[in-house]
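Undergrad: The chain contents come next:
There are 6 protein chains.
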Amino acid sequence: MPTSDVETIEAGRLTEARLIEMVFPEQTNHYGTLYGGQALALMDKAAFIAASRYARRAVVTASSERVDFHVPVRQGQLVELLARVVATGNTSITVEVKLYSEDLLTGERQLCTVGRFVLVAIDADGRKSPVLPLNVAAQGNHQP
Amino acid sequence: MPTSDVETIEAGRLTEARLIEMVFPEQTNHYGTLYGGQALALMDKAAFIAASRYARRAVVTASSERVDFHVPVRQGQLVELLARVVATGNTSITVEVKLYSEDLLTGERQLCTVGRFVLVAIDADGRKSPVLPLNVAAQGNHQP
Amino acid sequence: MPTSDVETIEAGRLTEARLIEMVFPEQTNHYGTLYGGQALALMDKAAFIAASRYARRAVVTASSERVDFHVPVRQGQLVELLARVVATGNTSITVEVKLYSEDLLTGERQLCTVGRFVLVAIDADGRKSPVLPLNVAAQGNHQP
Amino acid sequence: MPTSDVETIEAGRLTEARLIEMVFPEQTNHYGTLYGGQALALMDKAAFIAASRYARRAVVTASSERVDFHVPVRQGQLVELLARVVATGNTSITVEVKLYSEDLLTGERQLCTVGRFVLVAIDADGRKSPVLPLNVAAQGNHQP
Amino acid sequence: MPTSDVETIEAGRLTEARLIEMVFPEQTNHYGTLYGGQALALMDKAAFIAASRYARRAVVTASSERVDFHVPVRQGQLVELLARVVATGNTSITVEVKLYSEDLLTGERQLCTVGRFVLVAIDADGRKSPVLPLNVAAQGNHQP
Amino acid sequence: MPTSDVETIEAGRLTEARLIEMVFPEQTNHYGTLYGGQALALMDKAAFIAASRYARRAVVTASSERVDFHVPVRQGQLVELLARVVATGNTSITVEVKLYSEDLLTGERQLCTVGRFVLVAIDADGRKSPVLPLNVAAQGNHQP
Chain Z
588 MPTSDVETIE
598 AGRLTEARLI
608 EMVFPEQTNH
618 YGTLYGGQAL
628 ALMDKAAFIA
638 ASRYARRAVV
648 TASSERVDFH
658 VPVRQGQLVE
668 LLARVVATGN
678 TSITVEVKLY
688 SEDLLTGERQ
698 LCTVGRFVLV
708 AIDADGRKSP
718 VLPLNVAAQG
728 NHQP
Chain F
588 MPTSDVETIE
598 AGRLTEARLI
608 EMVFPEQTNH
618 YGTLYGGQAL
628 ALMDKAAFIA
638 ASRYARRAVV
648 TASSERVDFH
658 VPVRQGQLVE
668 LLARVVATGN
678 TSITVEVKLY
688 SEDLLTGERQ
698 LCTVGRFVLV
708 AIDADGRKSP
718 VLPLNVAAQG
728 NHQP
Chain E
588 MPTSDVETIE
598 AGRLTEARLI
608 EMVFPEQTNH
618 YGTLYGGQAL
628 ALMDKAAFIA
638 ASRYARRAVV
648 TASSERVDFH
658 VPVRQGQLVE
668 LLARVVATGN
678 TSITVEVKLY
688 SEDLLTGERQ
698 LCTVGRFVLV
708 AIDADGRKSP
718 VLPLNVAAQG
728 NHQP
Chain B
588 MPTSDVETIE
598 AGRLTEARLI
608 EMVFPEQTNH
618 YGTLYGGQAL
628 ALMDKAAFIA
638 ASRYARRAVV
648 TASSERVDFH
658 VPVRQGQLVE
668 LLARVVATGN
678 TSITVEVKLY
688 SEDLLTGERQ
698 LCTVGRFVLV
708 AIDADGRKSP
718 VLPLNVAAQG
728 NHQP
Chain V
588 MPTSDVETIE
598 AGRLTEARLI
608 EMVFPEQTNH
618 YGTLYGGQAL
628 ALMDKAAFIA
638 ASRYARRAVV
648 TASSERVDFH
658 VPVRQGQLVE
668 LLARVVATGN
678 TSITVEVKLY
688 SEDLLTGERQ
698 LCTVGRFVLV
708 AIDADGRKSP
718 VLPLNVAAQG
728 NHQP
Chain U
588 MPTSDVETIE
598 AGRLTEARLI
608 EMVFPEQTNH
618 YGTLYGGQAL
628 ALMDKAAFIA
638 ASRYARRAVV
648 TASSERVDFH
658 VPVRQGQLVE
668 LLARVVATGN
678 TSITVEVKLY
688 SEDLLTGERQ
698 LCTVGRFVLV
708 AIDADGRKSP
718 VLPLNVAAQG
728 NHQP
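If you're matching them up, the sequences are chains Z, F, E, B, V and U in order.
Going by our numbering, the first sequence runs without a break in its numbering and finishes at 731.
Going by our numbering, the second sequence runs without a break in its numbering and finishes at 731.
Going by our numbering, the third sequence runs without a break in its numbering and finishes at 731.
Going by our numbering, the fourth sequence runs without a break in its numbering and finishes at 731.
Going by our numbering, the fifth sequence runs without a break in its numbering and finishes at 731.
Going by our numbering, the sixth sequence runs without a break in its numbering and finishes at 731.
None of these hints come from the bench; they were simulated from the model.
Quick reminder that beta carbons are idealized off the backbone N, C-alpha and C, glycines included.
Careful, some of the hints might be misleading.
[Stated by the list, open to error] Listed next, the in silico DSS-like pairs over lysine-lysine satisfying Cα-Cα at most 30 Å (straight line):
#1 U:K685 to B:K715
#2 V:K685 to U:K685
#3 E:K715 to F:K685
#4 U:K685 to U:K715
#5 F:K685 to Z:K685
#6 F:K685 to Z:K715
#7 E:K715 to E:K685
#8 E:K715 to V:K685
#9 U:K685 to B:K685
#10 B:K685 to U:K715
#11 B:K715 to B:K685
#12 Z:K685 to F:K715
#13 F:K715 to F:K685
#14 Z:K715 to Z:K685
#15 V:K685 to V:K715
#16 Z:K685 to B:K685
#17 V:K715 to E:K715
#18 E:K685 to V:K685
[Unchecked claim] Which chain F residues stay away from chain V? Per the calculated CB distances, all over 10 Å, these:
#19 S591
#20 R671
#21 T675
#22 T681
With these hints in hand, go ahead and build the complete structure from the sequences.
TA: Put into structure tokens, the structure is as follows:
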């Protein structure tokens, strides 16, 4: 393996994170469907990664908005999460997270739910800390 | 140990569930505070148990309302969750969940966040299924 | 959410802890019943929390007494643990733990086993450390 | 949330999977670096997803080729895995997996290791089963 | 790799099981020592494997005898468990389990605790089922 | 329990590690067989323990050689790993790991795969560090 150089991806350059998760038995109820709370945990994780990558600062979740669960995810399906920074405040970052299910064998794929999470950047003392304003024009370069 | 008899606690009799959770490293960010998504997962779990106990039917989470995280929970603290059925519809159960942190050594205890979750009862075919209406007068008998 | 004030619950005030656990596949044998060792781990956890809360000191388990498993807990049931400080020595706390199973759908609830654990309070150097003597009269105020 | 239609992604259409994983304490040695075996497990997981998506059949890992670990991944970094189907046989799928580390705060990103895994498609009886030949021209459409 | 033939190890032939476990952060308290309950869970697991191997029947734990914890196990140490069938009844198997700690860097190794677990063989209907009587003379052949 | 003395097992004395693992649902695919990547993770863990015990130094995995998976391991079987130091370089330790499956009920036992892992000893600054040369004559004393 040729060892690669270190690349540095600065704050503001990445606005997305794409995660794939397998659904395990301990994340499902007795009916084999993903608990709502497990879906929320995965969505917050995707939001955390997208906001951290965008800000290159420590971030914590300040709030999650209302989330509706219309389409269940079943054990044996994949969950794919697409998190995207959609707005910034002085110290806050709003991330929209789409959760898709994908059946590995049939290839059926469906948007199951969408949520918005607001995260706040903090400094080493836990105080709110400024973030780069979102430059909508720069949003084309999503993937490292 | 004297083996105890089986007691049956019917639908409608219990309206609360009280859970204690330890906060583990894998549930916290690099700053040692519980991820928002992990808090949501614990809150949904408490809501699921309270609603199942109330309805004695299969239930699934239909929605989580907006949740704000004002007080962080730190590694090495307990989380105590108090879930309470606060409303019922034809097939739905609304559960309010309070999340407290408790420091085992100092004894400091604090309400960290409150959330509401709506769960729906389903039958064996996954169709919505009626639930007992909440009898506010009966709410005194919370613990088994 | 209105941020709540910090309450401090001093040593000696709380003598109980009540925990609910879901039974997951990885805690059960091939016959779908909770391993005895998993039951012991949950019981010790409840004893640890009750003793820590009582003493507001670091505690470690010094011994577990004989435990008999007469009633199996099955996957898809809840386990509820009720831990109660029943005696204190100079540096030790004896906690009795009752383990109940509860079937979420049928509402059947049963005492499965009872155990006693002795925990010892230790200071920062790991030396045994005195604990408040149990005041039986004060035992009415169990829940925070 | 508007419920989305079900899309079906047929065999042969997707040739990639992109996964992001957080590095947890239990995946690292005492020096805070990811165990080689945990890296292999993540790489095989990415290969499994890429091969399943490509074939839309049950697949099992038949072999992993030699993997060298030159750049350690540290706790508190992300791992991003990029798995890509690079060859097919009658019943086998060869997947190349690149493992990158990314430091959330500094934005430093580095290719840590590359591995190749051969997976075999199997039918319901566990017998080897044919897969679509890889059409190199079709490889532009990687992401669902 | 040359595929090996299948060997069959009949009931009564193996009387021991030797397990090594790493101690992970989530199994330790805030002082970095293994919870007593986690030690009990590991010991019961070793007893389960030794009794299953001996009987080649389904077994469940009927009781654990008093266990004292005199020597703490610390994070970053190994736990080695040596379980040995020491007695049989008509349907029961008594297993003695020794738990050793081993520091990987210093090589210090110490017997931390010893426990006895009684397991009962059950048939497909959950009824007690006879086990081979322990032939003390046969105990020389411990390892497969 | 009589507390035992501390024994010290010096570098070079132990050349083997024997581990038993249960196969859990979350380590298996939908067909109930252990993922190849989970087998690799268990094999690397066994190699890590054997190399650490041999060297009594911090070790990290430098490479894993080609591994073929011919015999699947099924849920409900044991995995037994036998890791053995087979060669040493100036700073490296080569460990061969055999992975056996064992069916607890039938007693069927089979060699499933063999792999070789090279680990490197490192000092506190992460630099390569010399290891004792393997003395083949000394290999008779494998178990502590």
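Undergrad: Are the hints correct? Go through all of them and say.
TA: Hint check:
The hinted pair formed by K685 of chain U and K715 of chain B meets the criterion: a straight-line CA distance of about 25 Å does not exceed 30 Å. For a cut-off of 30 Å, the pair hint linking K685 of chain V to K685 of chain U stands: about 25 Å separates their Cα positions. Annotation: proposed proximity of K715 of chain E to K685 of chain F is violated, straight-line Cα distance about 36 Å (limit 30 Å). For the given pair, K685 of chain U sits about 27 Å from K715 of chain U by alpha-carbon distance, which is consistent with the 30 Å threshold.
For the hint linking K685 of chain F to K685 of chain Z, the alpha-carbon distance of about 27 Å falls within 30 Å, and the restraint holds. Taking the CA atoms of K685 of chain F and K715 of chain Z, the gap is near 25 Å; set against the 30 Å cutoff, the hint holds. For the proposed pair K715 of chain E and K685 of chain E, the alpha carbon gap of about 27 Å is at most 30 Å, so the pair holds. Taking the CA atoms of K715 of chain E and K685 of chain V, the gap is about 25 Å. The hint holds against a cut of 30 Å.
Pair hint K685 of chain U plus K685 of chain B holds up; C-alpha atoms about 27 Å apart against a cutoff of 30 Å. The straight-line distance between the Cα atoms of K685 of chain B and K715 of chain U is roughly 25 Å, inside the 30 Å bound, and the hint therefore holds. Annotation: proposed proximity of K715 of chain B to K685 of chain B holds, straight-line Cα distance about 27 Å (limit 30 Å). Between the alpha carbons of K685 of chain Z and K715 of chain F the distance comes to roughly 25 Å, so the proposed pair stays at or under 30 Å and holds.
Our distance criterion of 30 Å between C-alpha atoms is met by K715 of chain F and K685 of chain F, whose separation comes to about 27 Å. Our distance criterion of 30 Å between C-alpha atoms is met by K715 of chain Z and K685 of chain Z, whose separation comes to about 27 Å. The suggested pairing of K685 of chain V with K715 of chain V holds, with an alpha-carbon distance near 27 Å, which does not exceed 30 Å. Simply put, K685 of chain Z and K685 of chain B have alpha-carbon atoms about 25 Å apart, close enough for the 30 Å limit, and the pair holds.
Of the pairs offered as hints, the one joining K715 of chain V and K715 of chain E is violated, with about 45 Å between alpha carbons and a cut-off of 30 Å exceeded. Pair hint K685 of chain E plus K685 of chain V holds up; C-alpha atoms about 27 Å apart against a cutoff of 30 Å. Listed as outside the interface, S591 of chain F is consistent with that label: its C-beta sits roughly 17 Å from the nearest C-beta of chain V, beyond the 10 Å cut-off. The beta carbon of R671 of chain F sits about 29 Å from the closest Cβ of chain V, which is more than 10 Å, so the claim that it is off the interface holds.
T675 of chain F, annotated as away from the interface, keeps every beta carbon of chain V farther than 10 Å; the closest lies near 37 Å. Residue placement check: T681 of chain F keeps its beta carbon more than 10 Å from all beta carbons of chain V (closest about 33 Å).
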